[in-house]
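Peer 1: Top line first, the protein sequences correspond to chains A, B and C. Using the working numbering, you'd call the opening residue of the first sequence number 1 and step up by one each time. Using the working numbering, you'd call the opening residue of the second sequence number 1 and step up by one each time. Using the working numbering, you'd call the opening residue of the third sequence number 1 and step up by one each time.
Be aware that one or more of the hints could be misleading.
Claimed, not checked - Which residues of chain A face chain C? A partial, calculated answer using Cβ under 8 Å: (1) L160; (2) L162; (3) Q166; (4) A170; (5) R172; (6) D177.
Claimed, not checked - Label pairs and their calculated CB-CB ranges: (7) L212(B) - T112(C): 48 to 54 Å; (8) I288(B) - A149(A): 46 to 52 Å; (9) R115(C) - G190(A): 25 to 31 Å; (10) G92(C) - A282(A): 22 to 28 Å; (11) L109(B) - S239(A): 43 to 49 Å; (12) L110(B) - R85(A): 35 to 41 Å; (13) A129(C) - Y139(A): 46 to 52 Å; (14) L109(B) - D261(A): 27 to 33 Å.
Worth flagging that the hints you see were computed from the coordinates, not collected in a lab. Don't be surprised by glycine CBs; every beta carbon is placed ideally from N, CA and C.
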Amino acid sequence: MIWVNQIVQGVLLGGYYAVLACGLSLMFGVMRIINLAHGDLAVLAAFLVWLLTERLGIPLAPALILVLAGMAALGVALQRVVLERSLRAGILVPLLSTFGLAIVIENLLFEGFGADTRSLAPAIGSLAYDSWSISDEIYVGRLSVLIFALAVLLLAGLQLLLSRTQLGRALRATAEDPDTAELVGINSRGVYAAAAAIAVVTAAIGGVLFAMRAAFAPYAGPSQLIFAFEAVVIGGLSSLWGTLAGGIVLGVAQSIGAQLDPHGFLIAGHVVFLLVLAIRLALGSAEARGRLRTLLGKSA
Amino acid sequence: MSRRASIAIERWTPLSRAASIIAAALVATLVLAPLFLDANAIDRLTTLFIYILLGTMWNALAGYGGLVSVGQQAFFGIGAYAAIRLSHAGVAVYPALILGALFAGLFSLLLSTFALRLRGGEFAIGMWVVAELCHLLVNLDGLIQGETGTSLIALDAIAPGHRRDDTYWLALAAMVTLLALVFALLRGRLGGSIQAIRDNEEAAASLGVKVLAAKRIIFIIAGTGCGMAGTLWLASSITFQPQAYFGVQWTAYMIFMALVGGLGTFEGPILGAVLFFAIELFFGASGIWYLVGLGAAALIFALFLPRGIWGTVEDRFGLRLLPLGYTVRIPAAAEPAAGGDRSASRVGSLPRC
Amino acid sequence: MSLLTVDRLDVRHGLLQAVRGVSFAVQQGEVLALIGANGAGKTTLLRAIAGAHRPAGGRILLDGIDVTALRAYRRVALGIALVPEGRWLFPGMTVEENLLVARSSRRPGPWTVERVMDAFPNLRPRFKAKAGSLSGGEQQATAIGRALMTNPRVLLLDEVSLGLAPVAVERVYHSLQGLIGEGTTILLVEQDLARALRVATRVACMLEGRIVLEGPAASMTRERVTAAYFGLGRGAEPRLDA
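The shape of chain A in the complex, shown without the other chains (with noise of 0.2 Å):
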């Protein structure tokens, strides 16, 4: 039965993940790069709106609509300054300035913050530990649910905005073509702020549900950047319910091993990680597919 109670956890868990990874997802759909700061842009909300909290007093909603609309500008300030240019420079530029930026943010934390953790669970009561309790042996926090059924939300979102929408349609056209969008009419340089805006405005509601369901220190953000990759790729990189799918295995995984092991929850979580990432490879490969239609006895 204990197994069962992991297993609920893992899955509650993927939906914190996917909505911390889905904004990386889009990043990369839309403009083929990978934000690297992206996990640092996550725990920057977290302290932004713990400042507002607990520092200035502010109550909750007003510092997250504060904090959300200052992150969307920050997201298309990014795009203007930072990312525009690595569009077209090839896979290093990207990679790198983004790698530089995730180190200036963490750093800057620091030195604002200290290292001291904190934790943004004062500011919603109870509800951090709340929990109900399925079964004898089956307790779901009330908290993790909650993030979970935000995460569904948030996903089905997006997915109407890509696939209804004038802005869905323009995001996914300039994906996969930004030169005939062009011609087309889209304003291709405005979609990409849009898309970097949705997708830091996700990171930080991701690192705000951080915040309130664990402490956060500014160091937090590469592993919850690697944690958001992860569950991305584990998902296959082209789909939004892909990362809802990809967070679930991932959380899974990681609560199956921290039951296994003290160490468990982060080595479980590599592990299933690089052995997707290798079946994926292998399979891939035609040589590989050729031999597997050989062994079900398919005709080539």
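Please arrange chains B and C on chain A, whose structure you already have, making use of the hints.
Peer 2: Positioned in the frame of chain A, the structure of chains B and C alone reads:
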């Protein structure tokens, strides 16, 4: 008299001849350094050699192979860990250090079968995950005791003076060997392949350039080099705390050195390492702002000066310090009526790594 | 005043000069056919007018407004639409979405998805199909329809018959006739000389980046066009024996 001289293609220019002689003299001086420099200076030079090694290795991967790895610290740590384990098992200290590096090289060989099939960001973060996993697994070793770490105890048996000098010479030898190895490869067939791969991988492959083999060679050299740097770091600091070896800050340092110095050039990472060393010397104590500065430098250089300092200098002044490129000498036709032989030759050079 | 004026345009591909000092004007309602051998610079010229390629010199004027420095999407908003050589539809999006996405410039005008369906009835059954799965003729129809959705004042068509079966070409040109009948200004590049001469009001022949022959379609004889097309008679008396 009008003689039709043929077009000559040369590799050595007067400048590169001079530069090579100076470099050789410099190395000779460095070999003798422990005889006239104090302990502090020897320690510092050892650190500089390690930095040069790291910068060159990361540049080889990214600048020549086009592979941005955010996980080279995996080999740095594995090399040191292997040395600790070998020494613990009874192997003599300095051989253990070298074997540790080779072990890291072997690990990179095995990893290359998987890692080199990844592209772009997948490769970058995939390597990072590998490094994190190595860190976690090394932590599980009872000898290491998690983040507490352990020390290269066998080094205590050697007098500090000898230890310092031996480590210095090993570091110098490792740096020179790996630099020479990279140089030799660039000058040879691999150099041309790399340039072709960098310009257009598919076109290069269609011409018969063995893309995967070239990348594999670079990957293994980089892995071995980073492993050697790790064992050297262990030799000079003696302690092994996994956090200090497997941390991603090493990638940050390598990126700074290669990018600011000159990505894709031979001399660039050396310049970058010297710069990094100097900055750390003067600003390292200012803690956080030093790190912010490093990150900002990487950001600014990536966006505005992607060729780095040396690359920009090379491009601007057409400078080629070491004989890695090709120079074409085209003799102008001699004027028949004017008599005498005024053969001015036009010199151009083909771009090189 | 001409609707579209090109003034001494120079366009380069790296060091190669693709368009050399080209000047011409297109009046409202005209159909100008650009003909010439491969590599003459026709596609580069159209792309430069549409904004996909930065010229090295010269100007492009739309209704007197200098659009030379404007990015492509701004020119679409002003009324220039290009149907690129090779169609370049968005393969992951359906026919309907390809048409709808062209409304991004929000130019007012008569064109709607319904009207495009009327102009190209062969698209109706393929409305929800992914653009990547369409046949050549259907792709061409969608590409033209997509350009029309921007409500253009000048429609640039680059080699619409390329890679299409004759029957599909027939269908495309039949629909184009409808457009021409409504007074749409068209600048089209066409390899098929006979078709070009039939559908155009004016003809311009390009050779190695320059316009070497220009005039009303009716006054073009096969001989004149052939001579200009192949650059015969440059620097010598033209040989006009057929």
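Peer 1: Does each hint hold? Answer for all of them.
Peer 2: Consistency of the hints with the structure:
no., hint, verdict
1, L160, "14 Å, violated"
2, L162, "11 Å, violated"
3, Q166, "6 Å, holds"
4, A170, "5 Å, holds"
5, R172, "6 Å, holds"
6, D177, "6 Å, holds"
7, L212(B) - T112(C): 48 to 54 Å, "53 Å, holds"
8, I288(B) - A149(A): 46 to 52 Å, "39 Å, violated"
9, R115(C) - G190(A): 25 to 31 Å, "27 Å, holds"
10, G92(C) - A282(A): 22 to 28 Å, "26 Å, holds"
11, L109(B) - S239(A): 43 to 49 Å, "35 Å, violated"
12, L110(B) - R85(A): 35 to 41 Å, "37 Å, holds"
13, A129(C) - Y139(A): 46 to 52 Å, "49 Å, holds"
14, L109(B) - D261(A): 27 to 33 Å, "29 Å, holds"
Of the hints listed earlier, those the structure fails to meet are numbers 1, 2, 8 and 11, in rising order.
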